[in-house]
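Heads up: the sequence lines are chains A and B, in that order. Mapping to my numbering: the first sequence position 7 is 8, numbers consecutive. Mapping to my numbering: the second sequence position 325 is 333, numbers consecutive.
Watch out, some of these pointers could steer you wrong.
Selected chain A positions facing chain B (in silico; Cβ < 10 Å) [stated by the list, open to error]:
(1) Q52
(2) H62
(3) S97
(4) V101
(5) Q104
(6) S187
Don't read these hints as lab results, they were simulated from the structure. Glycine is no exception: its CB is placed at the ideal position from the N, C-alpha and C atoms.
Listed here are the chains, written in short residue letters.
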Amino acid sequence: MRVDVERASRSDGFFPMKSLDFQQDFFQLFELSPCFAIDNAALDQRYRDLQSQVHPDKFSHLSESEQRLSMQWSTRINEGYQTLRSPLARGRYLLSLQGVDTQEETNTAMPLDFLMQQMERREALQDALEAKDIDALDRLSDTTRQDTRDLVRQLGVQLDDTQDHLAAAGTVRKLRFLEKLAEEISSAYDELDS
Amino acid sequence: MALLQISEPGLSAAPHQHRLAVGIDLGTTNSLVATVRNGISVVLNDEQGSALLPSVVRYSEDGNVQVGITAQALQSADPQNTIVSVKRFMGRGLKDVGEVIDLPYRFVDSPGMVQLRTVAGVKSPVEVSAEILKVLRDRAERSLGGELVGAVITVPAYFDDAQRQATKDAAKLAGLNVLRLLNEPTAAAIAYGLDNASEGVYAVYDLGGGTFDISILRLSKGVFEVLATNGDSALGGDDFDQRIYCWILEKAGLSQLDAKDTRLLLTHSRAAKEQLTDHIQTQITAVLSNGELVDVTLTRDDFYAMTQNLLTRTLQPTRRALRDAKLSVEEVKGVVMVGGSTRMPQVQRAVAELFNQTPLTNLDPDKVVALGAAIQANVLAGNRSADDWLLLDVIPLSLGIETMGGLSEKIIPRNSTIPSARAQEFTTFKDGQTAMSIHVVQGERELVTDCRSLAKFELRGIPAMVAGSARIRVTYQVDADGLLSVTAREMNSGVESAVTVKPSYGLSEGEITRMLQDGNQHARDDMQARALREQQTEAAQLLEAVDNALRLDGDAILDAQAKARIQGSMEALRSVLSGSDHLVIKRAVEALNQTTVIFAQARMDRSVSTALKGHNLSELE
Numbered sequence: 002m003r004v005d006v007e008r009a010s011r012s013d014g015f016f017p018m019k020s021l022d023f024q025q026d027f028f029q030l031f032e033l034s035p036c037f038a039i040d041n042a043a044l045d046q047r048y049r050d051l052q053s054q055v056h057p058d059k060f061s062h063l064s065e066s067e068q069r070l071s072m073q074w075s076t077r078i079n080e081g082y083q084t085l086r087s088p089l090a091r092g093r094y095l096l097s098l099q100g101v102d103t104q105e106e107t108n109t110a111m112p113l114d115f116l117m118q119q120m121e122r123r124e125a126l127q128d129a130l131e132a133k134d135i136d137a138l139d140r141l142s143d144t145t146r147q148d149t150r151d152l153v154r155q156l157g158v159q160l161d162d163t164q165d166h167l168a169a170a171g172t173v174r175k176l177r178f179l180e181k182l183a184e185e186i187s188s189a190y191d192e193l194d195s
Numbered sequence: 009m010a011l012l013q014i015s016e017p018g019l020s021a022a023p024h025q026h027r028l029a030v031g032i033d034l035g036t037t038n039s040l041v042a043t044v045r046n047g048i049s050v051v052l053n054d055e056q057g058s059a060l061l062p063s064v065v066r067y068s069e070d071g072n073v074q075v076g077i078t079a080q081a082l083q084s085a086d087p088q089n090t091i092v093s094v095k096r097f098m099g100r101g102l103k104d105v106g107e108v109i110d111l112p113y114r115f116v117d118s119p120g121m122v123q124l125r126t127v128a129g130v131k132s133p134v135e136v137s138a139e140i141l142k143v144l145r146d147r148a149e150r151s152l153g154g155e156l157v158g159a160v161i162t163v164p165a166y167f168d169d170a171q172r173q174a175t176k177d178a179a180k181l182a183g184l185n186v187l188r189l190l191n192e193p194t195a196a197a198i199a200y201g202l203d204n205a206s207e208g209v210y211a212v213y214d215l216g217g218g219t220f221d222i223s224i225l226r227l228s229k230g231v232f233e234v235l236a237t238n239g240d241s242a243l244g245g246d247d248f249d250q251r252i253y254c255w256i257l258e259k260a261g262l263s264q265l266d267a268k269d270t271r272l273l274l275t276h277s278r279a280a281k282e283q284l285t286d287h288i289q290t291q292i293t294a295v296l297s298n299g300e301l302v303d304v305t306l307t308r309d310d311f312y313a314m315t316q317n318l319l320t321r322t323l324q325p326t327r328r329a330l331r332d333a334k335l336s337v338e339e340v341k342g343v344v345m346v347g348g349s350t351r352m353p354q355v356q357r358a359v360a361e362l363f364n365q366t367p368l369t370n371l372d373p374d375k376v377v378a379l380g381a382a383i384q385a386n387v388l389a390g391n392r393s394a395d396d397w398l399l400l401d402v403i404p405l406s407l408g409i410e411t412m413g414g415l416s417e418k419i420i421p422r423n424s425t426i427p428s429a430r431a432q433e434f435t436t437f438k439d440g441q442t443a444m445s446i447h448v449v450q451g452e453r454e455l456v457t458d459c460r461s462l463a464k465f466e467l468r469g470i471p472a473m474v475a476g477s478a479r480i481r482v483t484y485q486v487d488a489d490g491l492l493s494v495t496a497r498e499m500n501s502g503v504e505s506a507v508t509v510k511p512s513y514g515l516s517e518g519e520i521t522r523m524l525q526d527g528n529q530h531a532r533d534d535m536q537a538r539a540l541r542e543q544q545t546e547a548a549q550l551l552e553a554v555d556n557a558l559r560l561d562g563d564a565i566l567d568a569q570a571k572a573r574i575q576g577s578m579e580a581l582r583s584v585l586s587g588s589d590h591l592v593i594k595r596a597v598e599a600l601n602q603t604t605v606i607f608a609q610a611r612m613d614r615s616v617s618t619a620l621k622g623h624n625l626s627e628l629e
């Protein structure tokens, strides 16, 4: 007879996960090899499988200690999923596993051409806001997305192929810039919408 | 493998019997209770056969409390003691409700939440809501013929922490064990999605009596994943009534009205709004207390025009939610309409225009939330249904901390899947600083003053150090109810102090205890009896679970001594189980929990290593 773990845990009513083991990194947790290039569909599927087993909704009728374990595990799996799902967070995380600090708060030395480009983008954003120009905002949003895609591709090469961690850390810092810009574009949409 | 247990009819083995659990939609205008019976979610009616309980509570001088239709009938006659739409005041301060004009109440400002002065004394919105919940609990217990194991209470998705906490407090005050606070649009999605076996991206547009929510969900193979939510927790059908009310004042040339006339015209406004759903115009006729006759005709076009900007206020959050979900309108497969206010034709038209498709209105917008909550309650109570499903919800508003300059630094961003935790490190500003004040806020704005303040507390006992060298780690944890707890810890050289606060916009445990004790002796006896039964049930469930676990894994994991210790704790619990002191049972339950912690973890180790390898138990056997 085949009894899967989930079913068995139901009938006997015990939390099926061990206590939080922070030794296991997110790649191990999600059964992925520690590379930048990952199979998003496999990640999604694994996420759902894991949450199906640990989510607090599955344990609300059990003891407090099991509910607490369930919340901790579920929290951990959410954190892992968010980290691996986002290319920026995933790159940063891979580097941290290698002991490389991306210095996003401290290292402000950016290549000049990148800084110039960012200044232009921000000016374009201000102009679009002042002119209440949705089309200009759309164009800026598209450009930012394209820039992000290019940098993500570059980060993949640096992390998976050339193993150039220093260069990768630089790319992560650039991506962080673009992420902030994307957030500001999103707020600009909100502002023009109200 | 356990043998099938066969029991005689009417003598089913106690721990396996159906656990009575309900879903409650605590609405601004109406409230409902539903349960799963024979595998089908049904709304429970009162003895007169009506499902909707008007969320109206009237206090009388003699301490008598009326709830529902009878209270509603007296709302114009006794407006100051008849509380309507109390949900709008939950977890809100006076300044938050100050903009709501012309409400016939005597508000009392108090720290945290506004209170209402009635003939029976000052009442907090939590107490008023608890009265509504008590009626629904009684209805359910009578109808189901037994004690409830617990309830799922729904809240607007856009409710902040203070409003959620207040709702949970109200349920506790009503003697309900809260299994979960569930977001209303998510509840609707469960009811709709399971019914229609839907797959793909859906939007739930929920315009109720006092709140508006928009949630974008992805439904896939039994997983309900909320991608983004937005809304306005102070926008609903009541505002449409207010617009008509103001229009009447202007049209009839009226100025300051007393409380009775205000409530009278608000009631007429609501009736007119409902009329305009099926008619192109309606006549509003009322006689004021001074004998003055109000007689005006309102057309649908005028009504549409005066409420246009209310509609706009629902469309902006909707577009925001789509942007947050990184989706375009074309990617939304269906739009589910929830809440009585979505009956208004102009609402349906606006939503259809925005999404470029006809919204789904084939379910009762008043009942779908309660029905979904009941399905969730049934699962949480442990009456699992064969087809499994999983709910992944989010927090609606970012949680932040006040930093230098009165700015809010976001720790957990909005639309994070819950449960969620995030830690951030801070340091001291001055040399020798031994305390740090921590201010927890919620909201999207940059300035702390524009966000909702949830809690302030101080971390003391930081060892004196040079400025900038202390490491204070602040951890935010949001549980599956969307409720936050905050911990602060000084991490340096083994010196640690920790504080955990629950945001206190709701009531403290002490206040709830006091309110519960304020009831008469009879109620107190009831409570004790109830606590005893709850504790006995919990104990029986625990004994059953441990028994099963021992049978399955006991010999494989435990040595004889450890096993004997667990069995000893089980015996100790069994021996007090039939006693009359719930605290004694509680202590025995805690003791058993303690003894089994290691065992539980060892079992989890085994299970998880199996699960993580993708094998199943049978392959190990």
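These are the hints, each one checked on the structure:
no.	hint	in the structure
1	Q52	holds, 6 Å
2	H62	holds, 4 Å
3	S97	violated, 15 Å
4	V101	violated, 19 Å
5	Q104	violated, 16 Å
6	S187	holds, 6 Å
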